[in-house]
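Work out the full structure: start from the sequences and follow the hints.
Same order as they appear, the protein sequences are chains A, B and C. Under the numbering used here, the letters of the first sequence match residues 1 to 292, in that order. Under the numbering used here, the letters of the second sequence match residues 1001 to 1395, in that order. Under the numbering used here, the letters of the third sequence match residues 2001 to 2356, in that order.
Incorrect hints may have been included.
Said to hold, decoys possible - Only some residues are given here: those of chain A computed to face chain B with a beta carbon under 10 Å:
#, residue
1, E2
2, I8
3, S12
4, P117
5, V119
6, Q121
7, G126
8, Q179
9, M181
10, S210
11, E252
12, N265
Calculated directly from the structure, the hints in this document are not laboratory data. Every residue gets a Cβ at the ideal spot worked out from N, C-alpha and C, and that includes glycine.
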Amino acid sequence: MEFLSYLISGVSLGSVYAIIALGYTMVYGIAKMLNFAHGDIIMVGGYISFCAMSYLGLPGWLATLLAMAVCTVLGIVIEGLAYKPLRSAPSLAVLITAIGVSYFLQNSALLIWKAAPKVYQPVVSGSLTLFGGQLSVPYASVLTMAACLVIMAALTLFISKSKMGKAMRACSEDKGAAQLMGINVNATISTTFAIGSALAAVAGVLLCTSYPTLQPTTGSMPGIKAFTAAVFGGIGSIPGAFLGGLLLGVIEAMAKAYISTNLANSIVFAVLIVVLLVKPAGLLGKYVPEKV
Amino acid sequence: MKKKLFALMMAMTMTVSLAACGGGKTETPAPSTETPAASGEAGGTFKLGTIGPLTGDAAIYGQAVANGAKIAVDEINAAGGAIQFEFQSQDDVADGETSVNAYNKLMDWGMQVMVGPTTTGASIAVSDKVYADRTIMLTPSASSPDVTAGKDNVFQVCFTDPNQGTGSADYISDNMTGAKVAVIYRNDDAYSQGIRDTFVAEAAAKGLEVVYEGTFTADTSTDFSVQLTAAQSAGADTVFLPIYYQPASVILTQAAAMNYAPTFFGVDGMDGILTMEGFDNSLAEGVMLLTPFSADAEDARTQNFVKAYQAAYGDIPNQFAADAYDGVYIMKAALEAAGCTADMSSADICEAVVSVMTTISVDGLTGQGMTWSADGAVSKAPMAVVIKDGVYVTP
Amino acid sequence: MKNLHMKKYTRTNLLTYLGVIAAFVVMNMLSASGSLSRSLTGQLVPICCYMSMAVSLNLTVGILGELSLGHAGFMSVGAFSGIVAAMSLQSAIPSAPLRLVIAMAVGAAAAALAGLVVGTPVLRLRGDYLAIVTLAFGEIIKELVNCLLVGYDSKGLHVLFNLSGNKSVADLGLEPGGLAIIKGAQGATGTATIATFTAGFVLVLVTLFVVLNLKHSRAGRAIMALRDNAIAAESVGLNITKYKMMAFVTSAALAGAAGALYGLNFSSLQATKFNFNTSILVLVFVVLGGLGNIWGSLIAAAALTVLPELLRAFSDYRMLVYAVVLILVMLTTNNPTLKSFFGRFKPGKSHGKEAA
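Pasting the structure below:
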């Protein structure tokens, strides 16, 4: 029974990682950049929905929509101001700029919302009791898992069927060729950022619902974990991000329960290293051999 | 009962350390000739500095310290006594290197007395420089004994970690007979680990049963359900949390979600949990903690302080703010007792203050009749409180 | 033709050395005349450490062309092993400068060993996968050091790993009067601070000497050939693993020496100092200074270390301004029109193949 309960903790944590990783992996797949500011957009999403619920008294779903709207705009603005001018620059320059944006968001949040941690009002509360009270599954976890599945399915559908999705895939293969085929590369990348940021807002709401505390640095660690999850599953691959996130959460929970709470993170990273040595492009990533 | 025992213990340590100091190398002028005669001469505008993390992860503590100290300075200046302060606070991001930079920056400014830094690691790094430079340092909140160890000019306003660890273990073993204790602490934090070490040592000495120990780090501080499940299945009916209130709030929420209701026992870092914006106080019902400060206290000074703090910064002050507020008043009392004038150099002030620190007694928000031993530790009684209906109640 | 080329880089190298020596002399003169603020004086040793870190990371990122996000891990290994060496030799070697040299050598050796252990799996990967694995190793090193308990008494060193979370210094079994050097999360406290600016200066010179000589040696040309085209390099018979390891381990060793100096400059040091953010900080120095550009790294490291201190005037807005400056600098240095302008001052070229 304890094992089941650890497993549920792991899956619940893993689905939060998975949602964040979906955003990471999309942006990476199309813009080929590691957006280290992604975690901080999650934090902004958390704060916006917090304010909407606590100060404006909006219901949870409306607060989530509001957070998505604000984060989408934020994502587009950041992309336009900070990343677009660097489209032809070396990718490391973009990486450093993303880190600058991350510092900027964290410190702005510190000035706007102050350092005092806020307690998030969960969108859903309570828990499902199974086996006569021996096992309890928080509704927040159920919601997170469901949201994660829905988002993944919707994204997969969007990428494979819609016109914009096709444009995204084309950009991810070859930007130059896509442009020649009449695809507006800049608009496609902006859309990717918009979707990624909206997902980050949802992730923010779900993260704060499961682990109800909010401060300016809330997003940075989950951000790095999700980045790990995305690489784990094969960066650029949507099912990979889902699988990577889930596995990461489960490994973390199991390591905490059965090996050492001190080294939980190290064990997660050690598993990642082993997986990458066996499958150098992650679990579901495509291995592209280098050509001369 | 508890308080008495504690006071006795502190008195003993004080006597021992005072005796030890007598043979030490520091030139301590006889207090009897210095203190009363000189007190009339003290005066002028002193430059007082604080250091703490105003940005980054630990910003909440540094900001509380800077704000609390600012309120005390403003009060003292408004009262217009002989001693006035010019005030500056610097950011150190809770990092040793930056803290030393901040200290040097303050020394460039001409700082004469320092109430800071805020966090333990940074304070140890700065205390080493302070000792070499001979500047007086009074840290409001760095609680490790390493901060003051071997440095005659470094003093603390807060309890030391061992003090809290043993205090908690004693309290639990005396008042909660047969308790099965689980400890959940933060393994990459000096404060948390320091208290845990002394708690476990004292628990072993007292025959208190520790059935589970779980840790977390800054990187794994989102989810505690695994540790809680393990504690529950180990049969723990008391969970000791030597951690700050933010992770504690998550632990309380998650324990409630899984219908696990042991007695949670915290230390001074837990103070502040009731004032977290959005926190459901019913979750903290029955939580016990050792704390020197309570924002709900009825006395006029606390009330005034809380009012001033809320007016200026919009938050309810936590114990860090109260410690810093006390720190400024302690510094003022020490300067008065030592008869310091503002034209003295920081090194001269340091020697004068060090010589009187062990003789003064200060009433503050965080303790009545606080006194200091020569090793820098404060003597004040921690108060064990239990949270009932969202307020602290003495059990 | 060949002679002319030789001359050009020899001149650049010479100028780099001269610049560092001149900076050292000027700083010492200013310091002696008392016109240097305490704030700047206190930063001299950390600046030297960061310069050395930046140059050594440039060897991995700029010259070898592999993105490393875990450089702080090697600094950590060097720092803590250096502290252990310096503290346990306190009675055996009373001379502080000699102890410092030994500590830095021990730090370098330990970090080189860590580099070897990390490099073996890491260098088989490519691009972002390599980057994430270096990040992973950096985090693992941080957590391991966090669990480390080290003490010293007349019987020698006592080392314990607090893996289960229920051990403390008391479990080391030190004799009375024994010295607890590293206390888990509380880190190394009470370290005797024996680092000096002169040692920092020597460290920077040694780092420059090692990296510049490696860069312009046969091995260095092989390493750069790997960066520019690994398959072509392999096809002409270069041993990829050997040269990659050579660059990576050298880089780790130099970071270890810098870490030891850093660790011995502060009386308190925690494992959490060397986290992902510190790795990124050093990476920012390298990218801002120009990939493969050694003196660019030196200047960027010094400038960006001093910058947050200069921004103290902005008080609460300090780190916000820092972030904006960082973004603006990246945008302007990568602006096509400005780039051609700046390009004239850059002796080193940034090459196309970067990892991220």
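Evaluation of the provided hints:
no., hint, verdict
1, E2, "holds (5 Å)"
2, I8, "holds (8 Å)"
3, S12, "holds (8 Å)"
4, P117, "holds (4 Å)"
5, V119, "holds (4 Å)"
6, Q121, "holds (6 Å)"
7, G126, "holds (8 Å)"
8, Q179, "violated (41 Å)"
9, M181, "violated (44 Å)"
10, S210, "holds (8 Å)"
11, E252, "holds (7 Å)"
12, N265, "holds (5 Å)"
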